[in-house]
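Visitor: Note that the protein sequences, when read in sequence, are chains P and V. full-length UniProt numbering puts the first residue of the first sequence at 1, with every later residue one more than the last. full-length UniProt numbering puts the first residue of the second sequence at 1, with every later residue one more than the last.
The set of hints was computed from the structure by calculation and includes no laboratory data. Among the clues, some could well be false.
Computed cross-link-like contacts, SDA-like style, restricted to lysine to any residue with a CA-CA straight-line distance of at most 20 Å [said to hold, decoys possible]:
| # | chain 1 | residue 1 | chain 2 | residue 2 |
| --- | --- | --- | --- | --- |
| 1 | P | 93 | V | 90 |
| 2 | P | 342 | V | 93 |
| 3 | V | 268 | P | 91 |
| 4 | P | 399 | P | 424 |
| 5 | V | 324 | P | 135 |
| 6 | P | 90 | V | 292 |
| 7 | V | 90 | P | 264 |
| 8 | P | 268 | V | 117 |
| 9 | P | 324 | V | 94 |
| 10 | V | 93 | V | 290 |
| 11 | V | 94 | P | 267 |
| 12 | V | 93 | P | 267 |
| 13 | P | 268 | V | 92 |
| 14 | P | 268 | V | 210 |
| 15 | V | 342 | P | 119 |
| 16 | V | 90 | P | 292 |
| 17 | P | 268 | V | 118 |
| 18 | P | 324 | V | 135 |
| 19 | P | 94 | P | 181 |
| 20 | V | 90 | P | 267 |
| 21 | V | 290 | P | 435 |
| 22 | P | 342 | V | 94 |
Number of protein chains: 2
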Amino acid sequence: MAVAAELSPSSHTKSTRLSSSQLSLCSTHLSYLHRRALRPVARPRNATISCSVNQIQAPIAVQPEDPKGKSDCYGIFCLTYDLKAEEETKSWKKLINVAVSGAAGMISNHLLFKLASGEVFGPDQPIALKLLGSERSFQALEGVAMELEDSLFPLLREVKIGIDPYEVFEDAKWALLIGAKPRGPGMERAGLLDINGQIFAEQGKALNAVASRNVKVLVVGNPCNTNALICLKNAPNIPAKNFHALTRLDENRAKCQLALKAGVFYDKVSNMTIWGNHSTTQVPDFLNAKINGLPVKEVIKDHKWLEEEFTEKVQKRGGVLIQKWGRSSAASTAVSIVDAIKSLITPTPEGDWFSSGVYTNGNPYGIAQDIVFSMPCRSKGDGDYELVKDIIFDDYLLKRIAKSEAELLAEKRCVAHLTGDGVAFCDLPEDTMLPGEM
Amino acid sequence: MAVAAELSPSSHTKSTRLSSSQLSLCSTHLSYLHRRALRPVARPRNATISCSVNQIQAPIAVQPEDPKGKSDCYGIFCLTYDLKAEEETKSWKKLINVAVSGAAGMISNHLLFKLASGEVFGPDQPIALKLLGSERSFQALEGVAMELEDSLFPLLREVKIGIDPYEVFEDAKWALLIGAKPRGPGMERAGLLDINGQIFAEQGKALNAVASRNVKVLVVGNPCNTNALICLKNAPNIPAKNFHALTRLDENRAKCQLALKAGVFYDKVSNMTIWGNHSTTQVPDFLNAKINGLPVKEVIKDHKWLEEEFTEKVQKRGGVLIQKWGRSSAASTAVSIVDAIKSLITPTPEGDWFSSGVYTNGNPYGIAQDIVFSMPCRSKGDGDYELVKDIIFDDYLLKRIAKSEAELLAEKRCVAHLTGDGVAFCDLPEDTMLPGEM
Chain P
1 MAVAAELSPS
11 SHTKSTRLSS
21 SQLSLCSTHL
31 SYLHRRALRP
41 VARPRNATIS
51 CSVNQIQAPI
61 AVQPEDPKGK
71 SDCYGIFCLT
81 YDLKAEEETK
91 SWKKLINVAV
101 SGAAGMISNH
111 LLFKLASGEV
121 FGPDQPIALK
131 LLGSERSFQA
141 LEGVAMELED
151 SLFPLLREVK
161 IGIDPYEVFE
171 DAKWALLIGA
181 KPRGPGMERA
191 GLLDINGQIF
201 AEQGKALNAV
211 ASRNVKVLVV
221 GNPCNTNALI
231 CLKNAPNIPA
241 KNFHALTRLD
251 ENRAKCQLAL
261 KAGVFYDKVS
271 NMTIWGNHST
281 TQVPDFLNAK
291 INGLPVKEVI
301 KDHKWLEEEF
311 TEKVQKRGGV
321 LIQKWGRSSA
331 ASTAVSIVDA
341 IKSLITPTPE
351 GDWFSSGVYT
361 NGNPYGIAQD
371 IVFSMPCRSK
381 GDGDYELVKD
391 IIFDDYLLKR
401 IAKSEAELLA
411 EKRCVAHLTG
421 DGVAFCDLPE
431 DTMLPGEM
Chain V
1 MAVAAELSPS
11 SHTKSTRLSS
21 SQLSLCSTHL
31 SYLHRRALRP
41 VARPRNATIS
51 CSVNQIQAPI
61 AVQPEDPKGK
71 SDCYGIFCLT
81 YDLKAEEETK
91 SWKKLINVAV
101 SGAAGMISNH
111 LLFKLASGEV
121 FGPDQPIALK
131 LLGSERSFQA
141 LEGVAMELED
151 SLFPLLREVK
161 IGIDPYEVFE
171 DAKWALLIGA
181 KPRGPGMERA
191 GLLDINGQIF
201 AEQGKALNAV
211 ASRNVKVLVV
221 GNPCNTNALI
231 CLKNAPNIPA
241 KNFHALTRLD
251 ENRAKCQLAL
261 KAGVFYDKVS
271 NMTIWGNHST
281 TQVPDFLNAK
291 INGLPVKEVI
301 KDHKWLEEEF
311 TEKVQKRGGV
321 LIQKWGRSSA
331 ASTAVSIVDA
341 IKSLITPTPE
351 GDWFSSGVYT
361 NGNPYGIAQD
371 IVFSMPCRSK
381 GDGDYELVKD
391 IIFDDYLLKR
401 IAKSEAELLA
411 EKRCVAHLTG
421 DGVAFCDLPE
431 DTMLPGEM
């Protein structure tokens, strides 16, 4: 069983020839196996480590030495512990695959343990974590997988790490796309859009090829709205509605700032919309938001503060955190990702809504079609959402929404070569990166 | 109301004079107030920032300008949102104070968000987090508090940060002592024992003076067994039984390694004891542990592996992780702290047990009195525990337990000046720090 031949030459990957006796025992090291040998399509430069925490001593109905025709079972994964045979797991739901990119980074380091603990998908939802990293981060990915093993989460039935999105995204029900290149010294926003756009174009293609046909995709890596647009454009077989750009941390921060100003606990603030781009053009909407069920403007009489200071306070939060804490806000970002997922798998409380950057086609607000724009959403808890209809606008709000819309249209022109819309023309007038983000 | 005069001159603390109008509104900045002016006993070099996320616009039954006689209400905390008035919180338990030292560190950065989310104490247990840091880490503490605010955890009703354990530990029901000085270059274990011992002596005194009379104390900072001993010796009014040294990560890693070797999922491994010191003399007990309810030695026939490799695999895990991941295992340590707390507040499953470093007085195993030794415990879920009686020993196990016991007795002699046992005599033959720990 010569599986080593096509392994990547990266210094971080190792080629290993596994004997059948080795396959029938799972060592304490992650076991290395390359699936490409078993697939008909050759792609260059990929290496995958498959690590399952639930192997059994003897393979079940599998002959590792003759893996031909086993389209859903390769190497060490053929030894996967049989969930169905587990008496105590009979009441569990079917295992779902959750793919996470940037899995060796700090946001993931918080998020993965939340996913594995059952905090996100519930105590009856076993999950398989599929972690996408890079050659550079490969050893760190192994470390993450080891820490997940040591945490003994009962619901975490499988961990797989790799650098090829076509493998890692296979059958993914959720894809949480956190990884993105940070902006290098002197790099313009246009350069960042291009370099990250290429990553998200590739990941969109991979999702289109191998993910669950109803995969939900949450883009966190910046610039996240346009990355999400590029991703969905490259995944024509997945509903565009399934793609989200994370603006939930902005929503959470906006709620906190309104609560602090009003002198109420933050759970009294509802109906908070972040409109537009996850950038400094974003619009935290104090016109529709409520405090204790009343319009914010009736509770906070200081309208000058709302118009002139509130948005800045929300947007500068990340920068202040970097100053204080010396690093970006990984923990609260991970919390907001959990919130964003939970908002899609839990019915939205009556009369409330949440914000998410979603595809604008068919939106009832007159926002330009064919971009990813943060808007107010409600969900029945089935993973899907509807845009909220009963929204009020005034000139102040509309004007600011129009500015963010114009920015996203400009970003879209910048990445036309990645969305199939022809030749890119990039004319971004100013740097609108949020403080504290890269 | 001159509260600024006694503020620490540290560059990280700020003196602020708050007017009553400032007090009646909570700004987005953390509000600074020094409680020492209100207390009869003067202690030097302390500064406290009180940050509450649940202020209301107008003070309740409090006159901030005349705080005299308000023994449980100072400054901005007099504006604390009244939990009892909250309709939706009627079914909640009474608020508990959870104090965490080393709160600006990486383990805490994982742990605090678990505590605040309700994952540890349950969805009906509101908590106040009291965070102990140092002057050096003070700004980072502010950053942590800000991220906690931005996370909008409904159960987190209050956050307080400070550098004086006499303030931070007040009325603490749980004290999670994570902070410890890392070993400097060339520092011997004896030096580390002394420098950290002084911290834990001070913290023991503070717990003794101000914490809940039944506070549960979990020591994580190394060397944790002897730190816990010093702490309990300096807190004579708190039951010695309430002090724990964390060996749960060792237990979790041992379970994982046995599961991997046996080819079973890790939830099949039970009755895992870590005996002794959280050091390389610790004894992961494969004689009493079970896999699928059977003795480990009946399931894993490779007894040579159990005797010669298993312990090393458990102990080297932290070092391997540092190599892979570039930093120590903060995430899985935080998970193991959660496990340790949950084991005390949840009834132990029938027939099983967990490990914790606890006070040896009255132990049924013949282990020397008056040290903190990891042993098998069971709990009714009331925060208390009993040592497990039906344990078997063989010569191999006894011999190794004796070695760890001798080490802890030597460490105890090393810190006699800190435990009230006379003059210290330090004679530690070898470095037994676990790989990957400091």
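Visitor: Now tell me if each hint is right for this structure.
Guide: Going through the hints against the structure:
1. As the CA atoms of residue 93(P) and residue 90(V) are separated by approximately 33 Å, the hinted pair breaks the 20 Å bound.
2. For the suggested pair residue 342(P) and residue 93(V), the alpha carbons sit about 25 Å apart, so the restraint of at most 20 Å is broken.
3. A threshold of 20 Å between alpha carbons decides the hint, and for residue 268(V) with residue 91(P) the separation of about 18 Å falls inside it, so the pair holds.
4. Pair hint residue 399(P) plus residue 424(P) does not hold up; C-alpha atoms about 27 Å apart against a cutoff of 20 Å.
5. Restraint check for residue 324(V) and residue 135(P): satisfied, since their Cα atoms lie roughly 13 Å apart, inside the 20 Å limit.
6. Restraint check: the Cα-Cα separation between residue 90(P) and residue 292(V) comes to about 18 Å, which is no more than 20 Å; the hinted pair holds.
7. A threshold of 20 Å between alpha carbons decides the hint, and for residue 90(V) with residue 264(P) the separation of about 18 Å falls inside it, so the pair holds.
8. The straight-line distance between the Cα atoms of residue 268(P) and residue 117(V) is roughly 17 Å, inside the 20 Å bound, and the hint therefore holds.
9. At roughly 32 Å between alpha-carbon atoms, residue 324(P) and residue 94(V) are farther apart than 20 Å, so this suggested pair is violated.
10. Proximity of residue 93(V) to residue 290(V) is assessed by CA-CA distance (about 37 Å); at most 20 Å being required, the pair is judged violated.
11. Only pairs whose Cα atoms come within 20 Å are accepted, and residue 94(V) paired with residue 267(P) is accepted, the gap being roughly 19 Å.
12. About 18 Å separates the Cα atoms of residue 93(V) and residue 267(P), which keeps this hinted pair within 20 Å; it holds.
13. Distance restraint check for residue 268(P) and residue 92(V): the Cα-Cα separation of roughly 17 Å lies within the 20 Å cut-off, and the hinted pair is therefore satisfied.
14. For a cut-off of 20 Å, the pair hint linking residue 268(P) to residue 210(V) is broken: about 33 Å separates their Cα positions.
15. For the suggested pair residue 342(V) and residue 119(P), the alpha carbons sit about 15 Å apart, so the restraint of at most 20 Å is met.
16. For the suggested pair residue 90(V) and residue 292(P), the alpha carbons sit about 18 Å apart, so the restraint of at most 20 Å is met.
17. Between the alpha carbons of residue 268(P) and residue 118(V) the distance comes to roughly 19 Å, so the proposed pair stays at or under 20 Å and holds.
18. Proposed proximity of residue 324(P) and residue 135(V) is supported: the alpha carbons are some 13 Å apart, at most 20 Å.
19. With a CA separation close to 34 Å, the supplied pair residue 94(P) and residue 181(P) exceeds the 20 Å bound.
20. For the hint linking residue 90(V) to residue 267(P), the alpha-carbon distance of about 15 Å falls within 20 Å, and the restraint holds.
21. A C-alpha spacing of about 53 Å is found between residue 290(V) and residue 435(P), which places the hinted pair above 20 Å, so the restraint is violated.
22. With a C-alpha separation of about 27 Å, the suggested pairing of residue 342(P) with residue 94(V) is violated against the 20 Å cut-off.
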